[in-house]
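So the protein lines, in turn, are chains A and B. Just so we're aligned: 131 in the numbering used here is position 131 of the first sequence, and the numbers increase by one with no gaps anywhere. Just so we're aligned: 565 in the numbering used here is position 565 of the second sequence, and the numbers increase by one with no gaps anywhere.
These are calculated hints, taken from the structure and not from any lab test. No experiment lies behind these values; they were computed from the predicted model shown.
Here's a subset of chain B near chain A, in silico, CB distances under 7 angstroms, partners left out: (1) Trp62; (2) Tyr66; (3) Met192; (4) Arg368.
Which stretches of chain A does chain B cover? Using the computed rule of at least three CB atoms under 8 angstroms from a CB of chain B, they are: (5) 74-83; (6) 139-147; (7) 167-175.
Ideal placement from N, C-alpha and C gives every residue a C-beta, glycine not left out.
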Amino acid sequence: MNSEEHVDKPITTNKSRRHFIAGITAIVGSAGAASLLGGKGISVAMAYTPDPNSAKTNGKILNQPQMAQLRDICAVVIPKTETLGAAEVDTHGFIDNQLFHCHTKDQQQQAVSILKKIDEVTSGRLNKSFANCDKQQQYDLLTSLEQSENGFNNEDKQNFKFVKALLIYGYYTSEVGASKELAYLAIPGGFTGSVPYDSVGKGWGSMSYY
Amino acid sequence: MNDELYIKETEQVFDAIVVGSGISGGWAAKEFCERGFKTLMIERGRVVEHRKDYIGEGIPPWEQPYRNKVENLLVEQKYKVQQECYAFNDSTKHFFGNDRDLPYTTAKGTQFSWIRGNQLGGKSLIWHRQSYRLSNHDFAANSLDGHGNDWPIRDNDLAKFYSHVEIHAGISGSKENLPQLPDSEYLPPLEMTVPEKAIKASIEKNYPDRTMIMGRTAHLTKPTDLHLSQGRVQCQARNECHKGCSFGAYFSTQSSTLPSAAKTGNLHIAPNSVVHSLIYDEKTQRVKGVRIIDNDDLSEREYYGKVVFLCASTIGSTQIMLNSKSKTFPNGIANRSGVLGHYLMDHNYNAFAEGDIPGFENEFYRGRRPGGILIPNFQYEPSRGSKHYLRGFAYSGGAYRETWQSMQGTDGIGVSLKQKLGQAGKWKFKLSAQGEMLPRFENHIALHSSLKDKWGIPQLEINCKWSENEMLMMKDAAKIGAEMLVKAGLQNVTSQATNRNPGIAIHEVGTARMGHDAKTSVLNKYNQCHDVDNLFVTDGASFCSSAVQNPSLTFMALTVRAVDYAAKEMKLGRI
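Extracted from the complex, chain A is given alone in its bound form (with noise of 0.2 angstroms):
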């Protein structure tokens, strides 16, 4: 199966929001809770919804071949392991979309111009695309990038920075990035000043603001 039709659904029965009602029902009741969460405004639907062909066709800001780019460097940054990776919960259809939404023209153009860059630099070195090059070229141009050499200079560093920190935020919000790569609590119950690190064993995905 090819990575790019795993997708991060939305799934409207999960964890966290079967804990909500849980709790919620506690409460008030089960036709209580029925009614208060059959009232909530902001719907799923509205919500980005990953999609597993975004690569593949122009997005609301980048083109297709910049889409295809752009899921490539997200398979690099944040790699598939134990859980499923950026590229795979579709990050950069996240990307495209929320900077459309979200961010201003200069920021908009901030990653335009790094997709490019990137490219001039790898056809430059390596006579082929970015999304032609196998995962450890990908790799070792993302770190010269980083490091502002090999033809990347500091303005580049800053402008991958920015994507790089919309990439995180994509991933980290997601569900698989939230929920199963870190651990997420809905409905903690209560707060407990000292838990051993060990107990938990990873950061939490759950915040109070995102």
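Please build the complex by placing chain B on the supplied structure of chain A, with the hints as guidance.
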């Protein structure tokens, strides 16, 4: 709640009219209703029903349209000012005012961030829930250094009313016997983390005049039978309070005061009713009601009452008074003194210090604590103050382990990056100063000479800026904060004084101050207008000084005390 609760047209003369439904208005309504007074609560915005209308609650980020960020166009068109508030995001934006409909101007060379919460419940839905009593040092501060007028009350005037509201609202905290921060009636405090306990010990050892305590919050850490009877249960430590809380675990109008008021059968609410002005009767020299412009269709109507309580927010209440002009009061009702609109204050949140805490690698916490630590003001009387500026500041803050969010700018790619971001990072600790702002006549609000809002009400021009005193204090707060952290063994300590606008602390107070002297104040010691017996202002507008404490608990206590007084006076026929 039922349909009869909400009214629009009525000829009824109510025993009491309460303008506003936030922290102060909710208390005024509850106290009047429980005393058997037929009460009308007037709210300019829409109805927000407990639970049902908390539309952003309980939704994980991946099910949100933009993962809790707010769309560009919406920010540009509706929330240019509101988005400056830390609590503004996609899950809470419906509890913030629409800037396009709520214009105001600022005087040349000044800026003021006016954060609005115009709906049933007001800003009680989106407040930060920190709850502190004022002390006698705070009440005396103006008289000791000559800035502003003396508060006409002291701790013993307010203590039993503080207790009354604390028991009902539910305040978590620890008994500390501090002269500058009197104890409340407490539920158990939130827990400190282990590194916080270590920093507390260091500060108290190195600085005998200072202490670090757990912040006091209006959260049900351990609900009493009274709270359970209100339909409220224990705080679940989600710390997503600004979205609304179906557990009723923090104090809001909806969770706490409104159910009590509604239960009496004496409460009516007029939502979508923007108060244009008060109706003053020249013959009786009393207020007989309020003029309303409908929020939606802009039609006009009036409501009548025997006594009027303004609880419309500090700036909102004063705006109504300034716009209530009559033959007797050409410059705003109850404004013979000429100080109405003046002495606007906010808290100054313009310094921080932070650093890394070495060690504690196997320490962690569970849950999201809805509050942090507090270092109470240690310059609480002139003899303890700085030689370079007047008054003092407190610090709030806390320790946390770094997350992917705080490490978003970190270098590295690939498996090693993913491993790093998947783990909790270093322990960090941050202190943020909250400083007192001196009361100054120059800092004021006034009706704009020509601009009006969509309801035909003159817009406000706000003229407010930090003085030299506030700026010197913040520089010192940054320096002192850093010194304490270095002494506590923190590494990579940085600190800074910043330059954020007044208003952004959302602790605006003053503009219709209390005082003994009718020539220099608007309200007497019971929050009653010197010039109009049946008009009271019990929100932040009544403050004589800002102190350093978060002010909401004092709004509650002042309001209850004023209702207690007004009700007795009305029964005696003196109002």
